[in-house]
Amino acid sequence: MSLLLAESFAERSARDRARALLDPQSFRELLGPFARIASPYLEAQGVVPQSDDGTVVARGTIGGVRACVVATDGRFLGGSIGEIGGAKIAGALELARRDAQRGTPTRLVLALDTGGIRLQEANLAILSVSEICDGIVALRELMPVVAVIAGRVGVYGGLSLSTALCSQIIVSEGARVGLNGPDVVETESGLDEMDSSDRPLIWRVTGGQLRFRQGFATELVSDDVAGIRAAVERAFEEPRELGPLVPQPFPDPRLERDAFLRAMEIEP
Amino acid sequence: MSASVRGRAWFERLTAGAKPIAQLPASVLAADASIEGHAVRAVAVVPDPNGRFPRARNGQMGIDEGFGLATAVSGTPSGSAILAIVDVPGQSFGTREEAVGLQRALAASTNAYIRARRSGHPVLALVVGKAISGAFLCHGLQAGWIGALDDEGIEIHVMSEAAVARVTRMEREDLARVAREVPATARDIRTFATLGGIDRLFPVSDPSAPSDADVAMVVHALAEVLRNPSLGLRNPRERLDAPAALHTRALSRRVRDELQAAWDA
Amino acid sequence: MIETLTYEFPANEGVQHRAHVGVVASGNCEILLEPAPEGRSSIVVRTSVSGFGATWQAVLGRFFTRNPVAVQIEINDFGATPAVVSLRLEQALESAH
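Protein chains in written order, with the working numbering: chain P, 1 to 268; chain Y, 1 to 265; chain U, 1 to 97.
Hints in this document: simulated from the structure, not taken from any laboratory.
Check the hints yourself; a few may be wrong.
What the hints assert, rightly or not - Quick list of simulated restraints, FRET-style, between CB atoms: (1) P:263 / Y:5: 30 to 40 Å; (2) P:243 / Y:16: 17 to 27 Å; (3) U:3 / P:262: 52 to 62 Å.
Cβ atoms here follow ideal geometry from the backbone N, Cα and C, with glycine treated the same way.
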């Protein structure tokens, strides 16, 4: 495909990403901005809430089959998940499972672009993430659960844990998949442990290319809407084998940090 | 950060000398015990100063701990319940961990607990110390029944107190004020219980070195829960309907209801 | 903390649809726009940057002088400049017609 025609997925809003992943004209948003279900906890903490709480749920079809895409907006509070966003994701998983049990499956895609749990709603959000984890494993018993990690933030924290529970994981080269963000690692363990300003290193250590190479993703895509759409359809039509959640071999952790990375074929 | 002794203390008292499961990392304790006649596999994550990952020697949930827990939990004998004894200050913060994929290690443990519960093993959790973030998600929060010590040393949150202060650049008093206005940001166990996350609180005389009376009280309560296996088999979604969550999680329920109505419209 | 400001302007035109633009990100704002009963427009601004009431009055005043539409507007603002706010208002109005 000509580069001139490639359309960036990462530059789209969450709403437009959901629109892009659903068949043309099939997009129907649920609990959108005008439902005005916004976080009641943020104003007291000096933050202006967003009308959709930074998570978009849209029904439609994918390849002609009933589908739902849940997309998080990385631009609102780093895409962090609060009570409402968490309830949207967990609720969509529960409804998809209900539909599958009834014999009318709804394909579910989690297009996550999130730094993790929203600090301002901590314990309500962590409870919802426990529901999300259970919801993914329960739905997985019946059909593929597809995660798309192709945004600017990537996926961190409890949502990264959740992503690893999905059966099909599509990552872009530009996305990062890790548990703790680089600034958090630097703050907690020092600059020698991780220099959060060394962006190329961050991508080598947690970027999509590495994750695909490690066997932690089922498909690696470039930042191209058409390519990602096709990958999502393939994930449902021809699901790939994702290795079980067991440790893949790694070098001796007692090695000095840079030596450890080199042994993992990561340039320190 | 000084390493906590609570997890090991409670593990040893509750398993009363049962032989630990071998072939696990030294930071993962597991043993098949009996609680008033009920078979229970107890699991805990504890500090290991000799751990091979330098950033996971203080009881943090790291690579070895996440995968080790998964092994221990998924090996639970048929007919046995599972008891997660929780005292984890958080996840380990290191480059090695991120490169290896710490999210997968925690997912492995989470997955093991969920699959065990869904296949009929009642899963109970007892929070005796800290229960922070990903560590609590992968060790404790998938339990159908969660008890906790009624003690100020219990902390439930998504980051350490020091980290919250750094990120928000707020003083303790301001954080305390926010915690009063927004219970979801409070760290103490009693406030967390108001969110419907805790089934039972245990006032004890010494949380780090439980007395015989403390242990007897907890054992008796656990046995009562085990006599009603459906409690340990509940999934997290069911916590939404807990009496304690009537007001505090009304919004979560409302979103579910409205989502369903729109989905089916 | 958060400042909530309300404004009203006279109106004599209508819009067809409701519209939503923007995002609550640093230097940006989100706008929800809906048709309102004739004669008036009403605006609620929620902003994390206090003390700019006069600026909001001026920006909104200019917009409604050029476009006297009867709409109900909600602006969730995270420090957008007047230029960005004006742009968002134009985008919203275009969507609404």
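Going down the list of hints, with the structure as the test:
no., hint, verdict
1, P:263 / Y:5: 30 to 40 Å, "holds, 35 Å"
2, P:243 / Y:16: 17 to 27 Å, "violated, 39 Å"
3, U:3 / P:262: 52 to 62 Å, "holds, 53 Å"
Consistency with the previously given hints fails for number 2 only.
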